[in-house]
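Given the coordinates of chain A, assemble chain B onto it according to the supplied hints.
Number of protein chains: 2
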Amino acid sequence: MNLNEIGEVGLIERIKKKIDTKDPHIIAGIGDDAAVIKSDGRNYTLITTDMLIENVHFTLQAMSFSQIGHKALAVNLSDIAAMGGVPKFCLVNLGLNKKIRVEDVDEIYKGLQALAEEYNVKVLGGDTNFSPSGVIIDMCVIGEVEPEFLCLRSGAQAGDSIFVTGALGAAAVYLAKGKYFPPTPRIKTARAITKTVKVHAMIDISDGLANDLHHIAKSSNVGALINIEDIPVFPEADTELALSGGEDFELLFTAPDAEKDKLLREIPGKTGTALTCIGKITGEGIKIKRGDGKISLLSLRGYDHFK
Amino acid sequence: MNLNEIGEVGLIERIKKKIDTKDPHIIAGIGDDAAVIKSDGRNYTLITTDMLIENVHFTLQAMSFSQIGHKALAVNLSDIAAMGGVPKFCLVNLGLNKKIRVEDVDEIYKGLQALAEEYNVKVLGGDTNFSPSGVIIDMCVIGEVEPEFLCLRSGAQAGDSIFVTGALGAAAVYLAKGKYFPPTPRIKTARAITKTVKVHAMIDISDGLANDLHHIAKSSNVGALINIEDIPVFPEADTELALSGGEDFELLFTAPDAEKDKLLREIPGKTGTALTCIGKITGEGIKIKRGDGKISLLSLRGYDHFK
Chain A
239 MNLNEIGEVG LIERIKKKID TKDPHIIAGI GDDAAVIKSD GRNYTLITTD MLIENVHFTL
299 QAMSFSQIGH KALAVNLSDI AAMGGVPKFC LVNLGLNKKI RVEDVDEIYK GLQALAEEYN
359 VKVLGGDTNF SPSGVIIDMC VIGEVEPEFL CLRSGAQAGD SIFVTGALGA AAVYLAKGKY
419 FPPTPRIKTA RAITKTVKVH AMIDISDGLA NDLHHIAKSS NVGALINIED IPVFPEADTE
479 LALSGGEDFE LLFTAPDAEK DKLLREIPGK TGTALTCIGK ITGEGIKIKR GDGKISLLSL
539 RGYDHFK
Chain B
239 MNLNEIGEVG LIERIKKKID TKDPHIIAGI GDDAAVIKSD GRNYTLITTD MLIENVHFTL
299 QAMSFSQIGH KALAVNLSDI AAMGGVPKFC LVNLGLNKKI RVEDVDEIYK GLQALAEEYN
359 VKVLGGDTNF SPSGVIIDMC VIGEVEPEFL CLRSGAQAGD SIFVTGALGA AAVYLAKGKY
419 FPPTPRIKTA RAITKTVKVH AMIDISDGLA NDLHHIAKSS NVGALINIED IPVFPEADTE
479 LALSGGEDFE LLFTAPDAEK DKLLREIPGK TGTALTCIGK ITGEGIKIKR GDGKISLLSL
539 RGYDHFK
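Those protein sequence lines, which keep their order, are chains A and B. The first sequence begins at 239 in our numbering and counts up one residue at a time. The second sequence begins at 239 in our numbering and counts up one residue at a time.
Extracted from the complex, chain A is given alone in its bound form:
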């Protein structure tokens, strides 16, 4: 069977079925933003990894080497944020071809380190390899979270309010102009949120609002109804880009409706990050209410690596 017959989602589902993740130390494995492990200390360990490949996840035309280093770390930090955790360490594997100069590697590390220092993340090391074709940068980030602040994708409950941070569509607008939008990993905001209320489910918006809402709904076995007019849209973007555009790395989360006013009152002031309630978790069906009041199904959107 060709990969395009099954797609990326199908492939991951297939792998998930084959691997045995039953272990008393695994709190969450495949299928959340980061793996969650209980070791012999009080806090849980978080581990996440992402591979960026030239001409798939970045181009040398649209991004500087420093921006590539920034992105490689930022996408992983965002995964730790979405678990309610704090990043601590990272490992970097590089695949470099003959066109790459030593100074380019310096720049990759410069971009990466500037972000690492901002979040007090230490680079533990890694590996450098020859790559016969494009540049590859693979990162692994280790973090931790107190059990009471852990946010999974799977805890959303009917009646919850649904929130997003920031404004959506920024990365898509920049991409259309051949530019890189440097995302802010929402670690400080996520920590403030989990310390303010009991979050039921959280994810970072890497695949676009529509897809990531589907991820939460599927993991939690619930539905959702969002109001199109309430979606915070980045300047120059439109609602469709806000729904479909990936890589904004804002947070999407659900919390009890009773906590809504408290969140909207406290979080923007505490963190400087905008927060918007965009709808509610329902029993089933992932739906969107248009401006004219009509309700329709919110379809999956966006990119599949193998289709």
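For the record, the hints were derived by calculation from the structure and aren't laboratory data. One or more of the hints may lead you astray.
Which copy is meant is left open, so a pair is good if it fits within one copy or across any two.
As the list claims (entries may be wrong) - No more than 20 Å apart at the CA atoms, straight line, and that leaves these computed lysine to any residue pairs for SDA-like:
#: 1; residue 1: 276; residue 2: 384
#: 2; residue 1: 336; residue 2: 293
#: 3; residue 1: 527; residue 2: 504
#: 4; residue 1: 532; residue 2: 495
#: 5; residue 1: 256; residue 2: 365
#: 6; residue 1: 518; residue 2: 495
#: 7; residue 1: 337; residue 2: 294
Quick caveat, the model's predicted, so the values are computed rather than measured.
Coordinates of chain B only, in the frame set by chain A:
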């Protein structure tokens, strides 16, 4: 500056100087087989990562997909073994091109899982990506070690005996025939060794005996003298292949000379793994004693990704 002017070793040295690894929780970072972290539990956490790239670390001609999965995990388990630790979890990132079929991915996981089950390692998840050129498999393994059993590269002392497990040159002999030699990650043997004596320094032989002896000597700021006739050579290999051939993934370690007899008596019986004393740690100079009694410098050998 081009990468070939500085080489892989030069590049890693350059990166090492630029990154800040001062942190009370980092016991060992860049420059050992795995990073060692002290978290809030009693045991240290070990983390290691390796990237395998098609036509650099493997070819689809010489290796089956199942063997590629095996190798990706084996090289990382070997790093955990060299720290004296026990592997627990792994994450897998795949880069797949259009030629790869779903069944090939099944086979990668089959090879990987068979080895994972043997060592009770759980797959936590990972990422699948499109790769425009060759197949990429990147793994991260998390393990743990009791502080008293931790083996670094940096503890060798003048007067120590130097030991290797197994026989060397196997991977080089297989490679010359276009075949894959499936290494045995020496986890059980390393654990038996660290529980029998106080190991001063340990490394896995991934870059060849000569290079990895240099790594230990440099990290420990000592010299070494090995006897060419004592090197255990794999059938069909010769001494030069045993010195230069990488990817055997046997253990190279040093321990007090007074423990030599105990190690040689107990370890093979306990573990089924051959153990040989090949020489001694000295004050300075990395040297080899030839069959005729002449002593010469043991030069660095083997492969540099960028030269």
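Evaluation of the provided hints:
{"no.": "1", "hint": "276 / 384", "result": "both (10 Å within a copy, 16 Å between copies)"}
{"no.": "2", "hint": "336 / 293", "result": "both (16 Å within a copy, 15 Å between copies)"}
{"no.": "3", "hint": "527 / 504", "result": "neither (27 Å within a copy, 73 Å between copies)"}
{"no.": "4", "hint": "532 / 495", "result": "neither (23 Å within a copy, 82 Å between copies)"}
{"no.": "5", "hint": "256 / 365", "result": "between (29 Å within a copy, 15 Å between copies)"}
{"no.": "6", "hint": "518 / 495", "result": "within (8 Å within a copy, 70 Å between copies)"}
{"no.": "7", "hint": "337 / 294", "result": "both (18 Å within a copy, 17 Å between copies)"}
Hint violations for this structure: numbers 3, 4, all remaining hints satisfied.
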